[in-house]
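A.B. asks: Sequence:
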Amino acid sequence: MESSGEYGVVLVSMGTIFEFPESLIPTLVAGFKRLEQKVLWKTKLNVKNPPDNVKIVRWMPQNDILGHPKLKAFITHGGSKSLYEASYHGVPLIGIPIQAEQQLNIGKAKAAGVAFFLDRNNLTPDAIAESVTEITTNPWYKGNMSRISKSIQSRPISPREALVQWVEYIANNDVSHLKPVGLGMPWYQYYLLDVISFLVFCLYCIYKIFKYLLCWCCCSKNEDKIKRD
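Just so you know, the sequence shown maps onto residues 149 to 377 in the numbering used here.
No lab work stands behind these hints, which were simulated from the structure alone. Keep in mind that this is a model prediction, so the values were computed, not measured. Glycine included, C-beta positions come from ideal geometry on N, C-alpha and C. Just so you know, nobody snuck in bad clues.
Straight-line distance between alpha carbons at most 25 Å, and here's what the computed BS3-like set of lysine-lysine pairs gives:
hint: 1; residue 1: K290; residue 2: K229
hint: 2; residue 1: K290; residue 2: K218
hint: 3; residue 1: K181; residue 2: K196
hint: 4; residue 1: K229; residue 2: K258
hint: 5; residue 1: K298; residue 2: K256
hint: 6; residue 1: K218; residue 2: K229
hint: 7; residue 1: K203; residue 2: K181
hint: 8; residue 1: K190; residue 2: K290
hint: 9; residue 1: K218; residue 2: K258
hint: 10; residue 1: K290; residue 2: K181
hint: 11; residue 1: K218; residue 2: K190
hint: 12; residue 1: K256; residue 2: K290
hint: 13; residue 1: K298; residue 2: K229
hint: 14; residue 1: K181; residue 2: K192
hint: 15; residue 1: K190; residue 2: K203
Derived CB-CB ranges, DEER-like:
hint: 16; residue 1: G215; residue 2: E184; range: 19 to 25 Å
hint: 17; residue 1: E278; residue 2: I354; range: 57 to 63 Å
hint: 18; residue 1: Y336; residue 2: T281; range: 54 to 60 Å
hint: 19; residue 1: I344; residue 2: Q247; range: 25 to 31 Å
hint: 20; residue 1: D200; residue 2: T272; range: 18 to 24 Å
hint: 21; residue 1: L362; residue 2: L252; range: 43 to 49 Å
hint: 22; residue 1: G330; residue 2: L362; range: 40 to 46 Å
hint: 23; residue 1: L362; residue 2: E249; range: 45 to 51 Å
hint: 24; residue 1: Q247; residue 2: Q301; range: 26 to 32 Å
hint: 25; residue 1: F358; residue 2: S299; range: 58 to 64 Å
Using the sequences and the hints given, assemble the complete structure.
C.D. replies: Have a look at this one:
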């Protein structure tokens with residue numbers, strides 16, 4: 149990290165579960181090769197002949213690295229944990245989401261002015277290089293993320309203190325009013341099976357009535373026709 153110089157480091161991680169499709173490796177390598185920054189890429193994929201500015205690791209302390217002053221951007225899949233850690237440390241994002249939830253997360257980050265959204269199905273080396281250059285040279289992104297970071301770190305009570313207070317509150321007070329109503333319901337009511345059954349019965353009755361009326365109309369027409377003949 150310290151040897152990265154003035155351009156700093158770009159962190160690349162798709163979390164602990166997801167990986168880039170292997171078909172994207174040549175595109176990613178070509179894009180990273182064009183960067184002035186060092187690239188720290190956490191992956192279990194077999195990346196052959198990575199560029200000199202790319203370091204491949206199988207594991208890393210992500211939260212600690214996000215807090216390093218040399219880190220300039222974070223290329224991520226958009227998982228909730230990764231977004232929170234990046235927001236806490238004030239690191240702008242480049243999102244390459246895989247699932248719908250991740251697309252929503254990156255979409256919100258983009259709307260907040262702290263992220264770029266890249267479509268993995270249309271990913272190109274130019275798109276990677278241009279997005280990293282824009283997000284690391286335009287102070288607007290860093291400024292927006294710094295404000296979010298400050299609001300998180302400056303909140304009046306830390307998560308640890310909140311946990312302690314709530315544990316003490318629950319231990320020393322009657323908290324029956326906090327229990328979900330569903331705890332005392334039969335399972336069929338909890339899952340609304342009684343309501344669904346009633347609605348299905350009503351629909352069945354409507355169907356039978358409609359069928360009866362249709363048959364009655366058809367029979368009446370046939371009787372009238374027979375009488376005329």
